[in-house]
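Starting from two chains that each stand alone, build the complex the way the hints lay out.
What follows is the residue order along each chain.
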Amino acid sequence: MGGVSTWADSLIRGLPDIRFEIVSIVSNPNVELRYRLPRNVERIRTLPLWGEERPEEFNGETYRSFLHRRLHTRDRFVRHSFLPHFEDFLEGSVNGDGGLERVAESLYQMHLYFQDRDFKKTFQSKPVFDLFESFLAGHQLYRDISVLEAANILRTLSRYLKVLTVHPGEADVSHSAIASIAGLIGVVEKMKRDVPFILTEHGLYYRERVLDLINRAPDFPTKVLWSNFFRTVARLNYRYADRVYPVCKFNRRWQREAGVPDDRISVVYNGVDTRRFRPMAVDRPYPGPTVTSVIRIDRLKDAMNLIVAMSHVRQEIPNARCLIYGPAPDLDYAQLCLGTVKKLGLQETVRFMGYTSQPEAAYNAGDVVVMPSVSEGFPYALLEAMAVGKPIVATDVGGVREALGDGGIVVPPRSPRILADAVVTLFRDPALQAQLGNEARLRVQVAYPLEGFLRQYGDIYRGYAS
Amino acid sequence: MTWRPSNATYVDSLARTIAEVEPNVKDYLEVAVILEIVGVSDETARLHGYESVFALARDVEPLVELYRPRTSPARGGPLEQRSAFILFFTGMFYNLWWVIMLVALFLGGQSLWASVRLPPDIATSIGLGVILGLVATGGVQQFASWKMTYYLLQDNKPLARFVMDKSLFWGGVLLITVGAGYALINELILPKAFGITLVTLYYFLLIGLFRLLVVPVYAMKRYLPLILSALVALAFMFVSLFVLEALGASRTLATIGSQSFGLYALIVVSAVFLFEYVYREPREEPTAEEPPFYSKPERPRHVRPPRFAYLAHDGLPLIAYGTLFFVYLFADRLVSWWNQGDGFAYNASYQVGVDMALLMLIPLTGVKFVFIYRLSDSMRETLRAIPVTRPRAFEQWLTAFYGRMMVAVIVAGLLFLVVGLLLAGPIIAVAGGDATSLVVFRYALVGVFFFSVFLANAVFSLVFRRTWGLSLILFIGSVANFIIGATLAMSADPWQAVFGFVITAFYLGVVSIGYVYTYTSRAVYAHYTAM
Numbered sequence: 019m020g021g022v023s024t025w026a027d028s029l030i031r032g033l034p035d036i037r038f039e040i041v042s043i044v045s046n047p048n049v050e051l052r053y054r055l056p057r058n059v060e061r062i063r064t065l066p067l068w069g070e071e072r073p074e075e076f077n078g079e080t081y082r083s084f085l086h087r088r089l090h091t092r093d094r095f096v097r098h099s100f101l102p103h104f105e106d107f108l109e110g111s112v113n114g115d116g117g118l119e120r121v122a123e124s125l126y127q128m129h130l131y132f133q134d135r136d137f138k139k140t141f142q143s144k145p146v147f148d149l150f151e152s153f154l155a156g157h158q159l160y161r162d163i164s165v166l167e168a169a170n171i172l173r174t175l176s177r178y179l180k181v182l183t184v185h186p187g188e189a190d191v192s193h194s195a196i197a198s199i200a201g202l203i204g205v206v207e208k209m210k211r212d213v214p215f216i217l218t219e220h221g222l223y224y225r226e227r228v229l230d231l232i233n234r235a236p237d238f239p240t241k242v243l244w245s246n247f248f249r250t251v252a253r254l255n256y257r258y259a260d261r262v263y264p265v266c267k268f269n270r271r272w273q274r275e276a277g278v279p280d281d282r283i284s285v286v287y288n289g290v291d292t293r294r295f296r297p298m299a300v301d302r303p304y305p306g307p308t309v310t311s312v313i314r315i316d317r318l319k320d321a322m323n324l325i326v327a328m329s330h331v332r333q334e335i336p337n338a339r340c341l342i343y344g345p346a347p348d349l350d351y352a353q354l355c356l357g358t359v360k361k362l363g364l365q366e367t368v369r370f371m372g373y374t375s376q377p378e379a380a381y382n383a384g385d386v387v388v389m390p391s392v393s394e395g396f397p398y399a400l401l402e403a404m405a406v407g408k409p410i411v412a413t414d415v416g417g418v419r420e421a422l423g424d425g426g427i428v429v430p431p432r433s434p435r436i437l438a439d440a441v442v443t444l445f446r447d448p449a450l451q452a453q454l455g456n457e458a459r460l461r462v463q464v465a466y467p468l469e470g471f472l473r474q475y476g477d478i479y480r481g482y483a484s
Numbered sequence: 070m071t072w073r074p075s076n077a078t079y080v081d082s083l084a085r086t087i088a089e090v091e092p093n094v095k096d097y098l099e100v101a102v103i104l105e106i107v108g109v110s111d112e113t114a115r116l117h118g119y120e121s122v123f124a125l126a127r128d129v130e131p132l133v134e135l136y137r138p139r140t141s142p143a144r145g146g147p148l149e150q151r152s153a154f155i156l157f158f159t160g161m162f163y164n165l166w167w168v169i170m171l172v173a174l175f176l177g178g179q180s181l182w183a184s185v186r187l188p189p190d191i192a193t194s195i196g197l198g199v200i201l202g203l204v205a206t207g208g209v210q211q212f213a214s215w216k217m218t219y220y221l222l223q224d225n226k227p228l229a230r231f232v233m234d235k236s237l238f239w240g241g242v243l244l245i246t247v248g249a250g251y252a253l254i255n256e257l258i259l260p261k262a263f264g265i266t267l268v269t270l271y272y273f274l275l276i277g278l279f280r281l282l283v284v285p286v287y288a289m290k291r292y293l294p295l296i297l298s299a300l301v302a303l304a305f306m307f308v309s310l311f312v313l314e315a316l317g318a319s320r321t322l323a324t325i326g327s328q329s330f331g332l333y334a335l336i337v338v339s340a341v342f343l344f345e346y347v348y349r350e351p352r353e354e355p356t357a358e359e360p361p362f363y364s365k366p367e368r369p370r371h372v373r374p375p376r377f378a379y380l381a382h383d384g385l386p387l388i389a390y391g392t393l394f395f396v397y398l399f400a401d402r403l404v405s406w407w408n409q410g411d412g413f414a415y416n417a418s419y420q421v422g423v424d425m426a427l428l429m430l431i432p433l434t435g436v437k438f439v440f441i442y443r444l445s446d447s448m449r450e451t452l453r454a455i456p457v458t459r460p461r462a463f464e465q466w467l468t469a470f471y472g473r474m475m476v477a478v479i480v481a482g483l484l485f486l487v488v489g490l491l492l493a494g495p496i497i498a499v500a501g502g503d504a505t506s507l508v509v510f511r512y513a514l515v516g517v518f519f520f521s522v523f524l525a526n527a528v529f530s531l532v533f534r535r536t537w538g539l540s541l542i543l544f545i546g547s548v549a550n551f552i553i554g555a556t557l558a559m560s561a562d563p564w565q566a567v568f569g570f571v572i573t574a575f576y577l578g579v580v581s582i583g584y585v586y587t588y589t590s591r592a593v594y595a596h597y598t599a600m
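So the sequence lines, in the order shown, correspond to chains W and U.
Heads up: the first sequence is residues 19 to 484, going by my numbering.
Heads up: the second sequence is residues 70 to 600, going by my numbering.
For reference, chain U alone in the conformation it holds in the complex (with noise of 0.2 Å):
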């Protein structure tokens, strides 16, 4: 063998460069990859003696160690920072539809829902029609938001525009095909005067369609446009009352008809929305940094759509989920509807005592928004920190963060409780509400707080896709609700309806918790399923 130390300066300045560009090769292979890229030939390589450039590889790659810098680079930067401060109020925008018309009712004694200054047959026939247009279209929109995010996030817009139009077709033929039930068995089984009925059937449409339309307002969180499709319909409410009354139109008629302008404005409102968001294609100007010459990625245009059967496949747990939530939540008013004196009528007694506790999810939401909102990123880092030997790591670190949500919502629940509790009178006061309306309050707050634990869980379960679970707890909440609060109705009084929904909100709160243990037990697998 003959000892050349030109080849040997050569191996090594070319170790030294293959250092730069990759400091930890794996093999001969990947060093003879960056030789060629750097331009070493098979040529340049027989001029130093050897045959090729693999075998010019096979002698650099042990030397290219020598060379590695002695730091790794960081991995990643630190996760945004916000404050909880304001990450509560952002999660309490969410909400703020319900509260700006619960205020509108207040002050204004009018709104999108509640019909108290009605002749009860017709304050029952909204009342119905609004919480069936909510049961009917709940799990469509959980549907729709969550499969329109899916595409949206991938600059999708044909296919986010595909899952709207399917969805406001199927949408569409569910609220007929409900409506059409609803009548037929109003007409022939339960017979009604045929007015009362077009009043559900009606709201039932209205109420269907808004939600319909403001899927991608909620799918995108856009918090402006759900302020100010709220602000329209109540001006338009509020105007078209004043002007009804001042016309002298009955109480119902001036009601009903403003009430029709405000959910009109809120459907045309939402409907822009949808337009901009999901159907209008925006014009792609270059900015001042893109070179003429720069070739944007092109948006998809022409799309070939997935089968839907499959979307609406995955998609039937949340369908699942959305809908028990309304008939969760509406199954202890209802009973309180039917067990009445005068048959199924409108109990605006209890209805104003359960709103009013409900009232209490508005801040609780808050605070859990201030969890949520950092679980994902923060699930990242610490998976991303973790090595693969020490899963259990990784759900300490969930159980931990878990446990510290629960103390919140739990402590604020309870903090709420006490405030709710000591100033029931005033806030059924202010509210219009009777005695029966302030008991109803008392339980149903307690109720509020059983269930603000369960929906903390909820959306903690969510965000692991672990929603056939919830769904299933819900079914179960859901009947039992009925059936609790059915018996003790007839047996007692109405307003006892609400222990079946303080019963059930411990049993769905309860269960949640026990529910949320079985995946977080696994925490590694069930965050891996739900990438």
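Excised from the complex, chain W in its bound form (with noise of 0.2 Å):
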């Protein structure tokens, strides 16, 4: 399970005075509750993105109300009641122009009309295809975006969208867990009500958006549309925030870079349950000088880097070995690293272990924990090693730096030769080993107990709600 939804859990589960409504925002309707829900949360709504048809299919409207709207949405009141909103969100999001505040209250105005109107038939209606149309053939750049990705923008930013018809129930304060669209839900809240918001961010949204982009996005001008999209709506959580909350130093210089003053971002780092993670005796797989590394085999993660740091590892330490545990999501990816083990002769030395549910038992079965990856915020994985008291080395990215401090190596990403040097550097120093697992484990106890981290989130909470 991902780092962002081990927090949430920690957070409400640990927070039993304070009540919770859950706006769950997921790609499609079969994603399934992986938690059991505390008594504190009063009401979980999903809203699937994709996989339906109309919102009315998940929410707990009555059909005799989606009649009455569908019934009064007629092109006519849509150019004059939607489409001003509609263009005025397009100007400041997708062209960047006209500033937050007008997005925001285009958004809100939007948010209001959807009150009364159906928004499948208001999506799928003549003006607003029109209109988005028009405004594409109508820019120097999008101009050049094709009919069809036009109309796949179209779809899919009504899908984000979708976000305007939730309404929640009154509250104290909102809290997003992402500068995403998820966070529209408290911008909006906020002009409505003025209910305060405020906002905790674990990896940088735009920026991993971006890299998606990258990887995705069709054509240049297609790429831009979303990036400018997606930076607003960022920029949109920061603005409408009154505090933003980064779980380390790191994700704070992206906050500042996107205007956000200091005074309002303050680091929350992340808990780590220190009973549950701790130095234990469990049964090895292997006796001898052993890497561990639980991560989740993908591309991002790089356990590229780690098989192939292990060759040289080897030259060194003949007898040593590596255990991978994690779930291998890609199989293509899953097929190189097993070719890269093949292929470096490293079958005796290279084990993937396959997903673990648990990880403290796989970080005390070795000597020295290796975290290889290329792209982290502040990882729970790292925090949970550490709090084991292992030696780590990780790779210099995100917040790794700063959670590790003393308590491990840090080293460039992508460079299994330094990684490699590290590990072997532990493997003949039983006395650094010993001393870095200490501070790693004394660390996590000072800076990043659980019980911080719930206390610093229930002050913030009630600070709001009194």
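Calculated directly from the structure, the hints in this document are not laboratory data.
Owing to the predicted nature of the structure, the values given are computational and were not obtained by experimental measurement.
Wrong hints could be hidden among the right ones.
[As the list claims (entries may be wrong)] To give a feel for the contact side, a few chain W residues facing chain U, derived at Cβ under 10 Å:
id, residue
1, N77
2, L166
3, R271
4, E275
5, R446
[Stated by the list, open to error] No farther apart than 20 Å at their CA atoms in a straight line, the calculated lysine to any residue pairs in the SDA-like style are these:
id, chain 1, residue 1, chain 2, residue 2
6, U, K365, W, P345
7, U, K235, U, A252
8, W, K139, U, D383
9, W, K267, U, S110
10, W, K144, U, M600
11, W, K139, U, T587
12, W, K139, U, F533
13, W, K138, U, A498
14, U, K365, W, P347
15, W, K138, U, Y219
Every residue, glycine too, gets a C-beta built ideally from N, C-alpha and C.
Shown next, in the form of structure tokens:
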């Protein structure tokens, strides 16, 4: 399970006196609930962005009111009451013109519009389509976008804007765990009822979207369009958040760059349950020198970096072994890793252990923990490994250096030779291993305890409630 | 300012690296993202005299363009090409079920729907049961096929099951309601022998049940099960007919008995395929290419079903179309039954003529399929190549595509019409028709020609999800078919009901062309709303 879901579960479960209403924005309606909901969750509302034909399929609206809204959504009304706001939204978000206030106002007005009018019928209406088409055609760059892509963009935009149909119950504070469209609910609630809005950022939404666009955008104009949209969404979150709580200082750099003043940013580090993650005796799969890594086997976590590094480690310490725990959702990449292991003759050295539900046992099963990623926020996996008291070698990405402090060795990403040198150094120096492991555990106990994390958020929530 | 050549080299090398990752960077923030991914941190930036990665990115960004590759990657691959010949026969397969049944009728004198061997009152009851079964389930079948395809394409079997469960339930409710209504009318308003009513209800329920169970086979376009179910049903039917006659059963009993066994077989085979395609959860064994630690994406298992009322709401146009299709198709036949000397009775002469003419639809479906099969892919490729400034180009393309399809359907239709007219005598003789059948056949051929134009437009419109308009056109056509057919049949001869079919088929063909024009003239928008 991902870091954000672990964070949310710890937060809600750890603050039983706070009542929560959750709006869960999911890719499709088939996402299964992985955690048992604590009693202080009053309601969970799931909003699937894809996999349905209209929002009413999953919201609690009565058929009668749906029919009423549908019958009262006519092209003439769309033209008068929706198009001006949608145009403002396009100008401000996709074009990047007109300021954030104008975009926020347009979102708010569209939210009010959808209280009485049908969402699907509006977005499928000819006036909306014509406006969008002429908007793109009149733009110096976007006019090169294909007709197919234009239709895809409008459809996707409409899917994202489905958050405007959400009407949360009255709350003391809205809290978004990401500076994405999810936060727009908080932005609208702030404009509508002046509900305080706070934002926690784990990964950096805009940064992750840009990475995704680099890999997926069909052409340059489309990439620019979406990049503008995502940046506007992130900036809206920052602009309307009363406070921004990055999980590490690394994220703060990006928030500052997006114009958030320092006095609205406070780092709240993730907290780890040090009773669960602690040094313990486990059955080791291998008695000799062992590297363990608990990572998702994909390009971002860069297992390949570790595999290549192990070929260098083996030259120095032939009986060294590496146990990689974690699922491999990308078949091509999994096969690539397996092929590399074979090509380098590491079948004896590197073992893929698969997904584990007991990472604490996995960390305890080795001598050194490695995190070879090319991109991280402030990873729970790192904090958990530190709590176990193992020395860590991790790549210098995201908030890793900040988290690790002196509790491990930081190496550049995609540098297997340097990574191997660090591992060999640790294997050859048991005293250093023990020293770094102790420092890591101590650091977690002092700087990242679960209790501290809960206390901070408890104070924040209660501050708004009083 | 200090000139630092080492920095220039560093920035230059970074620009080259960035250009390899993403040649078309949008701005310095995108450059910063890539710089961080390749391992540049604030610390490294500071080593080279920059205060942060962002400051470095601002300098790198303008240089990236210098290293941009000259060629741009190709968009998409060529479309899969399949020969028109294969597509033609694939299209015909959709009607194979009909063909097999008709061939069985000619060769064996017995079919699952024709009842020419029977006394008129029994034949009427059976015919009515079959027609009612098709009309009552036509809408449910269209709706269930559409929504089930939607979920199966998402690999979401639980929701496909949900749709099937609901369709079976509501389809069942519909069958019971229509059946009860029919029984009530028969007993109270148009009193008939109870046994005759029961025969109608019996066939109505069997046909209705089969149509509901066969939904996934149609939705998933599984040809083999279609053929297999027809063959198994025929085998059961003929074997039981032979056995029953050998045991000395009356002709009526043997016919009804054997048709029953045939329908039971059809229902059982369809139920087996329904279970296989929708209800059975396949066991997922890892393949040889999958490493043991590969975590295959999990198929959804416990999903929250959508609210059915909204699915049904969106499916209303299809429900209307599916129902009205059969209402229209049987309108003139029912009229021809009504106006015979001995009251409402099965009109075998008329039936043979019209059924034979409808056979012409089978090759025409093949012709249509050659075009429709390519429509979605060709549209996507064309839309991909046209910039948003030139939407008219897509309209022109679509109009040309539609024009080619219409020409092919019309030319093929005329060809089959001429062949049909030339061979009318022998065809009706083989089918066991009489002189009236021959006249009906000739006129009905003209009607079928126009009807095939409508069907081509209907399939084309379904691609664009323009179903309400089709339903309205069909509704008017059905009412007109009843009125014109009844007027002519009452004032002249029952066989003249065929003119109701010919005139309304002409109307359907012409009006549907106009209907297609209403949305192809806004083709880009039409495509968007169908996505």
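Structure-based check of each hint:
| no. | hint | in the structure |
| --- | --- | --- |
| 1 | N77 | holds, 9 Å |
| 2 | L166 | holds, 4 Å |
| 3 | R271 | holds, 7 Å |
| 4 | E275 | holds, 5 Å |
| 5 | R446 | violated, 26 Å |
| 6 | K365(U) x P345(W) | holds, 9 Å |
| 7 | K235(U) x A252(U) | violated, 25 Å |
| 8 | K139(W) x D383(U) | holds, 12 Å |
| 9 | K267(W) x S110(U) | holds, 13 Å |
| 10 | K144(W) x M600(U) | holds, 14 Å |
| 11 | K139(W) x T587(U) | holds, 19 Å |
| 12 | K139(W) x F533(U) | holds, 16 Å |
| 13 | K138(W) x A498(U) | violated, 56 Å |
| 14 | K365(U) x P347(W) | holds, 6 Å |
| 15 | K138(W) x Y219(U) | holds, 18 Å |
The structure shown violates the earlier hints numbered 5, 7, 13.
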